[in-house]
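Numbering (UniProt numbering), first residue to last: 1 to 711.
Simulated from the structure, these hints should not be mistaken for lab results.
Each residue gets a CB set at the ideal place from its N, CA and C atoms; glycine is no exception.
Treat the hints with caution; some may be incorrect.
For each label pair, taking beta carbons as the anchor points, the in silico distance ranges come out as [what the hints assert, rightly or not]:
id, residue 1, residue 2, range
1, Pro-503, Gln-377, 48 to 54 Å
2, Gly-153, Leu-45, 49 to 55 Å
3, Thr-419, Leu-199, 38 to 44 Å
4, Val-695, Leu-45, 16 to 22 Å
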Amino acid sequence: MPRTARRPGRPHGPKKTTDRSHRGPGGLPDPALFRHALPGACRKLDPRTLYRNPVMFVVEVGAVLTTALAIEDPSVFSWLITVWLWATVVFANLAEAVAEGRGKAQADTLRRTRTATTARRLVDWRPGSRRPEERPVPAAELTLGDHVVVEAGQTIPGDGDIVEGIASVDESAITGESAPVIRESGGDRSAVTGGTRVLSDRIVVRITSRPGETFIDRMIALVEGAARQKTPNEIALNILLASLTIVFLLVVVTLQSLAGYGRAQQPLVVLVALAVALIPTTIGALLSAIGIAGMDRLVQRNVLAMSGRAVEAAGDVDTLLLDKTGTITLGNREAAELIPVGGTEPLALADAAQLSSLADETPEGRSIVVLTKERHQLRARAEGELAHAEFVPFTAQTRMSGVDLGGEDARQLRKGAATAVIEWVRDNGGQPADEVGPVVDGIAAGGGTPLVVGETITGGAGTTARVLGVIHLKDVVKEGMRERFEELRRMGIRTVMITGDNPKTARAIAREAGVDDFLAEATPEDKMALIKREQAGGKLVAMTGDGTNDAPALAQADVGVAMNTGTSAAKEAGNMVDLDSNPTKLIEIVEIGKQLLITRGALTTFSIANDVAKYFAIIPAMFAVAYPSLAKLNIMGLHSPESAITSAIVFNALIIVALIPLALRGVRYRPASAAGLLGRNLSLYGLGGLVLPFVGIKLIDLIVQFLPGLR
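Whenever a hint applies, use it, and build me the whole structure from the sequences.
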């Protein structure tokens with residue numbers, strides 16, 4: 001009996017996990033990362049950098065003003081306010097510096113993968129060239145369209161497509177996957193990345209990137225944040241925060257003018273501190289860190305987002321286009337049932353199905369051998385039993401596999417496509433039983449693939465031929481897919497399965513998987529038309545792809561996730577690249593995008609509620625001396641106006657530090673409707689933002705009231 005071959009594809013091996021050295025216990029940032037980020041936070045105090053964040057720029061201007069006032073008229077109160085205003089700015093910068101620091105750590109790892117490589121450039125290479133002239137050049141001098149040869153043990157000098165040969169490539173420097181992958185010319189797995197290493201054979205690569213624009217160069221720029229631009233949502237939120245800042249500044253100025261009539265005007269230091277306490281410093285400090293951390297979470301899952309806009313769009317996606325094979329199903333049909341016909345005994349059918357599949361090295365053939373062993377306990381054949389057997393391998397021309405057994409009565413067994421086996425039986429003088437046709441049609445109508453098993457026996461009485469039964473092959477839907485699609489449905493996301501199968505098969509698999517709709521016998525033009533149709537209805541569309549024929553649809557989709565194993569055209573067209581080339585990851589990408597939006601919304605809700613609470617906590621304490629009736633509103637019983645404003649400023653700074661881990665880790669995402677998410681935000685972060693300042697300011701007031709100059 002021939003030995004079963006290993007499943008083609010990735011060789012087996014341990015998967016190298018993503019580097020998480022910057023994580024502390026429970027997934028929180030490592031405290032060392034804060035220490036390393038502190039110098040960067042101080043450098044960000046430069047007004048030329050800080051002006052991009054209007055809220056924190058106002059705080060820094062206030063800190064400069066109170067510093068000048070404290071120098072002119074020093075007091076414990078003025079210096080406390082000054083120190084904590086500067087601390088507020090530094091803590092805000094620290095949030096962004098920590099988020100960027102995690103990306104810089106990843107960028108340093110990528111830089112270490114780049115080595116000075118000498119490329120073997122081919123002069124005037126043409127397909128089929130036997131001995132083209134080679135010219136060694138530094139990899140940095142390669143230009144678009146150059147051809148280079150790479151052999152086992154050598155590093156690929158630049159990004160490109162294989163135009164000749166096949167090789168095993170170690171891509172662990174890029175993907176973190178220790179198992180090598182197969183790359184070959186002429187298909188959708190022809191793209192190679194500069195800096196990866198060829199382990200076997202010889203390939204010719206056509207360079208598709210310019211110096212400094214390789215995949216690794218872009219990865220370094222993106223994870224460092226150097227290429228990160230503010231997304232439309234961030235810009236809109238910054239405008240809102242700037243508007244609120246102006247409103248609160250006007251409120252503070254108005255308070256001072258009103259206080260003049262009651263001879264209760266406040267010192268300028270108090271007014272500056274009050275303005276800082278009331279403007280939305282919390283979300284202003286964390287907004288940039290939230291965006292950087294969202295992209296970082298994708299990088300941790302080996303997904304490279306070309307822009308923050310793509311991450312945001314993933315969170316707003318309305319329609320997901322998912323390929324059936326490899327995404328919804330396991331990718332290989334498996335034997336599910338053996339159906340005898342014409343009075344054949346089930347064990348006899350199982351024996352014939354196993355024998356005829358021994359030479360079939362396809363996944364389907366191997367699954368038949370497994371099924372007969374599990375259902376009928378058929379043991380493996382010893383070599384002696386099949387010494388005179390002649391195996392017939394499966395071919396695309398015959399669409400059958402089988403075995404010819406010698407002996408007194410020569411016996412031939414065949415298994416394959418229904419039409420092919422039935423024709424083979426008829427050619428040998430047999431006639432299939434009447435029930436064969438309905439069984440075959442029933443399996444096909446249910447979305448399965450029917451294979452027919454036939455037999456001929458040649459002896460003294462001549463040759464007899466018959467059909468023994470039918471094998472039901474079915475696409476196996478991945479475990480848990482129905483539940484995941486149900487979660488997406490609760491989020492308001494519509495799922496569409498894309499397949500080349502006929503409509504009957506597609507409908508059956510779609511029903512089993514639980515997707516909302518399907519597109520059968522899909523062509524690249526059909527995919528493009530579907531995306532445009534969805535977008536015309538105001539919906540955002542996400543899809544995955546790996547081939548050159550997928551490039552137009554990837555470019556058209558709002559979120560186009562290209563597989564790293566795919567062609568350069570696909571990777572250029574998409575706005576994300578999945579380094580693991582796992583189509584199912586599109587669902588995770590959507591969840592990460594939604595987590596980013598939820599985190600931003602939750603902390604914005606908390607920040608605004610926080611400001612409202614501070615307003616009602618501080619104002620009564622500040623003006624109770626001039627307006628005794630306001631004392632009734634001083635529900636916290638703050639000690640004095642000075643201790644009240646100092647406590648608010650200290651709380652304002654400390655709450656930023658407390659929320660940095662949440663901004664970096666993200667608010668935990670649970671599938672829910674938009675109304676459900678809004679209710680959760682308001683109840684948890686809105687109510688928390690109202691209550692926490694009262695508690696925090698009161699506790700700080702109990703401490704600072706004992707400081708000299710604040711009594």
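Hint compliance check: list the failing hint numbers for this structure, sorted ascending.
Hints 1, 4 contradicted; others consistent.
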